[in-house]
Amino acid sequence: MSTIETKLTAKDFVTDQEVRWCPGCGDYSILKQVQTVMPELGIPREQIVFISGIGCSSRFPYYMETFGMHSIHGRATAIASGLKATRPDLSVWIVTGDGDSLSIGGNHLIHLLRRNFNVNVLLFNNEIYGLTKGQYSPASPLGTVAKSTPMGSIDHPFNPLALCLGADSTFVARSMDRDPIHLREILKRANGHIGTSMVEIYQNCNVFNDGAFEVFTEKGTKKINTLMVEHGKPLVFGENSDKGIKLDGFKPKVVNLADVSANDLWIHDEKDQVKASILVRFFNTPADENPLPRPFGVFYTEDRFCYEDALNAQITEAIESKGKGDLDALIRGKNTWTV
Amino acid sequence: MGKPFYFTLTLHLIMKTEIKTDVVILFAGDSGDGIQLTGSQFTTTAALYGNDISTFPNFPAEIRAPQGTIAGVSGFQLHFGSVEIFTAGDACDVLVVMNAAALKANLKQLKSGGIIIANTDGFDPKNLKLAKYPDGVNPLKDNSLEKYIVHEIDVTKITRTALADSGLGTKEMDRSKNMFVLGYIYWMYNRSLDNSIEFLKEQFKKRPELIEANIKVLKAGFNYGDTVETPMNRYEVKPAPVEKGTYRSIMGNQAAAIGLIAATQKAGLTLYYGTYPITPASDILHELSKHKNFGVKTFQAEDEIAAITSAIGASFGGSLGVTASSGPGIALKGEAIGLALMLEIPLVIVNVQRGGPSTGLPTKTEQSDLLQAMYGRNGESPVPIVASYTPSDCFYGAFEACRLAIEFMTPVFFLSDGYIANGSEPWKFPTATELPDLKVSFAKNDLKEGEHFLPYKRNEKLARPWAIPGTKGLEHRVGGIEKENETGNISYDPENHELMVKLRQAKVDKIADYIPLQTIDNGKSEGKLLILGWGSTYGSIKTAVREAISEGYDVSHAHVKYLNPFPKNLGEVLKSYDKVLIPEMNNGQLIKIIRDKYFIDAKGLNKIKGMPFSSEEIKNKIIELLK
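Protein chains in written order, with this note's numbering: chain A, 1 to 339; chain B, 1001 to 1627.
Here chain B stands alone, though its shape is the one from the complex (with noise of 0.2 angstroms):
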């Protein structure tokens, strides 16, 4: 910028290099504005220097909606720092907004002299209208904002400077803006940019003039931070002391599907993904469709009902089927569910909650599908379910899921939701070799002349075996109408009946003692208050116990993670209590079962706003119960 050297050299000595433990950063803007794009790539450069991270992504429902408006900010949260990190954060430290909607729509989530990073050319009468400030009015003017920390920076004007030479149109360059945000948060926290420069080279490998173009902008917004005339503090995030071991990033979704590739892989089964698009699923089937090396077949069907139902075909013929969804997709798969399950044959359900009911709220997060996947057929039909807490255990979750599919000869459910599935977290991943071995053995014909062949006989889980076609001597028929027991004949006998009914809720049951016993998270073993959690809510109560606990209070936090059946000893653990806290993202349903299942007065906290509870909410709610 041509300053003379001396200049630079002042500046430098009046700023300095504040050490913070954690620190919460917002990007927002348009979400044409790459502001997931930017919020990933600081993600995994902060990974990649050893800080612990917690990632929450929020986006519009339209894929570019209106410009400029509220409507159509698009977020990026992430919380990372040198000690553990549960949440994506309650309240951000840092703001960064790419236009007056972005300001508008986050400002609340800002802390009380927290740093707002604007881009002043999405501050001009037309942005400021479309945001919806009176005629006249820009908060960036009216010292609105003297609370905090403001650093304007005209960064379309900045990316169009540094990029006049490269022969790009403006609408290109204008894309580049936030690869100069991104530069200029990397001189804010001291980060390399070699990790973004990689990205980009390999992003735009086919156009090498915007790997040139992007790096340009990315090192502008850097050398920014170094030339800028006002005096500005650097911050020092160190590396977490977390436990050793190697590490990488990964996001719910992501997870997911690698979990059950390996479960698959592990079983020596062929995944088969029958599935239809659907926010906020479909990543899975993205990331799935990428790995055919692993023999993987992904089937986007027609509709909802003939994914599952070509994935109960797939099942059927010996593969392992598994279809994935979100509420409304999982309603149209009821009766396919149901099938299934009388069918007894392995199938794994993946449920990617989101807001609801009807379409609800496609890209927000909700726990309300619990209840769906407890009760949601007709019929007696019980499906077990397992539920993942935070982004890198949809791994584990996948995984198990398809274990009890194979051992049980069952459907399951496993649910995520929006908030795990697109946030990330770094994760201590396993080697092929630690996870558990899932053979299968297809039943074989060592049947006796003259015997014939029970298909549901059951062995000492209660399973019935696996006879896949091609197996000589074993040819039989299922179907949906009531089975004789043992033989699978139609039979309409009422004793029969119920005695099948019982026997598959007997099977259900006998899972519990293939299951992991309920562990206390975090607290004593008995005393005041538990939290009981399951699913995403998991890094805020953590958080809200962890701190509860330093400040004195008896509470404990345990999470469930199987939700049907529940672990043997989970009544026992409740009952160790006074009382009992459930925080959930919908309006009471895991409390419904465990009210219902273990007559205890659990005490609920529900959160319907389509957004994850923050840390703070709940360590309120546990001071309350305490006082």
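Okay, chain A solo, but in the shape it has when bound (with noise of 0.2 angstroms):
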């Protein structure tokens, strides 16, 4: 083996594994981003792991050249804290879709944020579950035509970012896969967060659901129904982006740029919970009256202790009140007797 480090590049991420999405599935374009964003992290290969859990984006770490798990339904998020718990030093990089993190892993994702392991997660949302044949997930919106709900379905949908910031989440963002240059911003980002990194990402099933996302994704209808957030910037959108977003009190209001002065929008602070709280529930589509734009970006960010680094503290500290663990006092315990 060669000593000399040479810079990585995109195609050292690439496995000898064919890669077998459905072709126009939009995790090809994730893979791409996800590999082209690696070697500009400075992270050694080895020191990468994917985790996944069961459906469509799960098989995402049999192509990643780094260290990776594909695990069980809904558990990935589990796995990697128990990883990360004892292998701080790793960075680890879950992937999942909507049916594997808000259904049946649902209860790990949550504890997962609160307690804030320092990885990433990377949420595939296609809103439909893809690998069984088209059922609808809790992400699917209400009256979802699918093979289970042929009269549409009647669960209420997660709001999947609102969900993560009720459970303390300290990085919420979202990107889409139709946009490469800000996905590749955005994983960015995420990496660079100390804690749990939530990314969600609309995904395009081009079988089983084409098109989800398309009023947000395609260049005719993008601009006028998405709103791209940067931290300190005011929330502007629209054709020729024309249009801002002005709280009245804690309710937000599109108004036409011209009509107001520009010191009335709403700024963006990726510091604020309660502003970002209202942020992800921009949960329109364009067919509901007087529909707010989709938010995209990083909404929330915040520094709070990372588990493992709590639980390491409490070793220290253990090591240093008692002295390294000597494993004949454990035996022996505190009452002996002899014979």
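Quick caveat, the hints were computed from the structure, so don't treat them as lab data.
Do not rely on the hints blindly, as some may be mistaken.
To be verified - Here are the simulated lysine to any residue pairs, SDA-like style, with alpha carbons at most 25 angstroms apart:
no. : chain 1 : residue 1 : chain 2 : residue 2
1   : B       : LYS1171   : B       : TYR1148
2   : B       : LYS1607   : B       : ARG1595
3   : B       : LYS1206   : A       : ALA318
4   : B       : LYS1472   : A       : PRO44
5   : A       : LYS334    : B       : ARG1207
6   : A       : LYS334    : B       : LYS1290
7   : B       : LYS1428   : A       : TRP337
8   : B       : LYS1603   : B       : SER1576
9   : B       : LYS1111   : B       : GLU1236
10  : B       : LYS1020   : B       : LEU1107
11  : B       : LYS1219   : B       : LYS1457
12  : B       : LYS1457   : A       : ARG45
13  : A       : LYS322    : B       : GLU1287
14  : B       : LYS1201   : A       : THR336
15  : B       : LYS1457   : A       : ASP16
16  : A       : LYS11     : B       : SER1576
What the hints assert, rightly or not - Label pairs and their calculated CB-CB ranges:
no. : chain 1 : residue 1 : chain 2 : residue 2 : range
17  : B       : THR1021   : A       : THR316    : 33 to 41 angstroms
18  : A       : ARG332    : B       : ASN1143   : 49 to 57 angstroms
19  : B       : TYR1375   : A       : PRO150    : 54 to 62 angstroms
20  : B       : TYR1375   : A       : THR149    : 32 to 40 angstroms
Think of the CB as a built atom: it goes at the ideal place given N, C-alpha and C, for glycine as much as any other residue.
Two chains, two frames, a set of hints: combine them into the complex.
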């Protein structure tokens, strides 16, 4: 093995395994962006671990030339917790889908977030079960007609990022498969955040739920229906960036820039949890009355201690106060007698 | 008590000390009466004195079940002697009852002619009614107890009197009642108070007034024995002729926890313990969480599934992942156990069994999860099983489970149960250097140019390499989908699947080459009858077989610790006897596996009452089969 470090490229993160997603699947773009971003992070390949659950997206680790585990349905978050608790030196990435993390793995997701392990979660949201061939998911809009719901779904869907913020997530962001530049930027931000970085990625399932997000991702409609948020900048969107969001008390309102002063617009502050909780509630579709645009970007970040650091601090403290464990003393216990 | 000196002297002349070889005491009272503490204090004192001892706590599932009712009775049975002791005893010699319900619930356990020590305050009309005695009936007053020796003591009143000047409230005074009883029993068996005084000083370090109060009541109990006005025997139980050495007292769950730490220390690994609280396994977590200075990482997960899967994550990273639960929790872990066996990484799954199915009998003991451990997963999924048979053996069982997990890169079941998990006994403990070395070597990158790492290439034990993240050049992917032999890549090839299923089975079978042969615990190596046991039935079988042999019966006892795979010679052992009897605290589980594997017509003896066998039950069956 050569000891000279050569700079890695995206190709170095490609495995010899044939990628087996359906042609046209949004996963291809996400894989490409992740492979492109990896060399820029400056982390040695052997220090990176991708862990997934079950579902189309969960095939992801097989295609990344890093350490990886394709585990069982919904549990990638819990597996990553144990790994990070014992190996804080590793860069751990969880790849999951809306069924995997919001349905069967919902419990582990919220507990991962409150514990704030320093890991990254890439939630591929396509609002459908793809691998099982087309049932509605907990993220599918009400009334979704799918294989299991011929008359339309009757369960109220999750708003994934509102759920995450409710679980005290310290990093909440949204991106999409069709905007590579934005996605790469968000991936880098997620990597940089110390704590659980929650990235929801809108991903098109062209077989079972084609076009679920097209109003947000396609050229003709994207500008009027999406809002790209950036820290310190006013919330502006629209065909010609001619609209903005103003807060009327706690109520967001769409305004024409022509009618308001720029100073009156909502200025995005990633550190403001109250505003972030309003922002993640922008959950309209264009069909709604007075729809708010769907936001993308980093909505919220917070500095909070990570579970693994506190865990290791207690161990250090225990060693300092009691001395390093003495196995003989432990086996002997406090009271002994000799015959 | 202000009696003239000569009177006390006279009493001493009447009293005599009787020598006993072994005694069974059952302390019983409300679950809030401090019964477990009283029992464990007497246990430590007896052990320190040199008696052999075995204990069995028996408590209700509710933390504070309704006071005074039968459902709320908590018991602690202890059996100590100047002879070797293997069980907590069948029937008791002394029954200590703090109230009427405790008497009603346990009287059937008392030997004819046995001693009842009754707290009369617990037999007032209210308590009698709660214990569902008919109106106007008080067992202490109606001669129904005439075949026993009854000591009525108003423990509550004497305790309050002793603490009149303590400044404590009535409720707090009453909490010391158990110390009076303990002191009185110490007097009966002529024991020193020192150990308990030291304990109280430690226990109430932050409340000196409680140290003083409890010691005062403990002494009051002892002195009561000296000054009581009825003639009363004292008993002497001499130290047991046990093997020379240094001993400590140990409970099963505590032993399991220490065994896990010892194994990981000897392996040079971090112990990661992912678990979710459940009776009766939680005490392992409590014990481990006290030992963070060994680098132990305990994780109280959000559920049973996260408990095991986080442990899988830890093992993937190069720690030893361990998870523990009891039956219902193990059921939830099933899918993840399958993942661990597909990943072929070390993992120890502890099942402290309790009565099932479903929630079953959470605080009672049973051996009914053997088939769950053996078969309770989808697909062909063999998992090695080690089962401990006494409280102290839980140390070695846990240690051994870790060894097999590490050496064979596999999940391993360690089975214990409520009886040995909460029971205690003296333990002639080993030193750290006497324990085998389990040193682990992770896979290194010694690949030649152009060579690919093969994560599923096996060694002579059929184990694959443990290649942990951070090892440059060994980047690889594992998962739950069937893997191609050697490369570990996804494979749906039919031939490959069959090969992999057989390889995984062969690996588990291979373990038989690396475990001790089955030995005969007691009796001849061939003959008319073999009693084959596993797990916590050991003590009852041992006692029964020992007695039967001394009475001339041709019977032997073997106890299996390795249940999957079995020791290589087990079939031979079984076939050396005309008959085989398998007693189990279940509806017949080991017997199914034995019949299946060895085609022998083994007989079962099954008890499914949430209680251990008495040795008498087993002995009766021996006699019946040898008639």
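Do the hints match the structure? See the list:
no. : hint                                     : verdict
1   : B:LYS1171 - B:TYR1148                    : violated, 32 angstroms
2   : B:LYS1607 - B:ARG1595                    : holds, 19 angstroms
3   : B:LYS1206 - A:ALA318                     : holds, 21 angstroms
4   : B:LYS1472 - A:PRO44                      : holds, 8 angstroms
5   : A:LYS334 - B:ARG1207                     : holds, 22 angstroms
6   : A:LYS334 - B:LYS1290                     : holds, 14 angstroms
7   : B:LYS1428 - A:TRP337                     : holds, 10 angstroms
8   : B:LYS1603 - B:SER1576                    : holds, 15 angstroms
9   : B:LYS1111 - B:GLU1236                    : holds, 19 angstroms
10  : B:LYS1020 - B:LEU1107                    : holds, 22 angstroms
11  : B:LYS1219 - B:LYS1457                    : violated, 68 angstroms
12  : B:LYS1457 - A:ARG45                      : holds, 22 angstroms
13  : A:LYS322 - B:GLU1287                     : holds, 16 angstroms
14  : B:LYS1201 - A:THR336                     : holds, 18 angstroms
15  : B:LYS1457 - A:ASP16                      : holds, 18 angstroms
16  : A:LYS11 - B:SER1576                      : violated, 66 angstroms
17  : B:THR1021 - A:THR316: 33 to 41 angstroms : violated, 52 angstroms
18  : A:ARG332 - B:ASN1143: 49 to 57 angstroms : holds, 52 angstroms
19  : B:TYR1375 - A:PRO150: 54 to 62 angstroms : violated, 39 angstroms
20  : B:TYR1375 - A:THR149: 32 to 40 angstroms : holds, 37 angstroms
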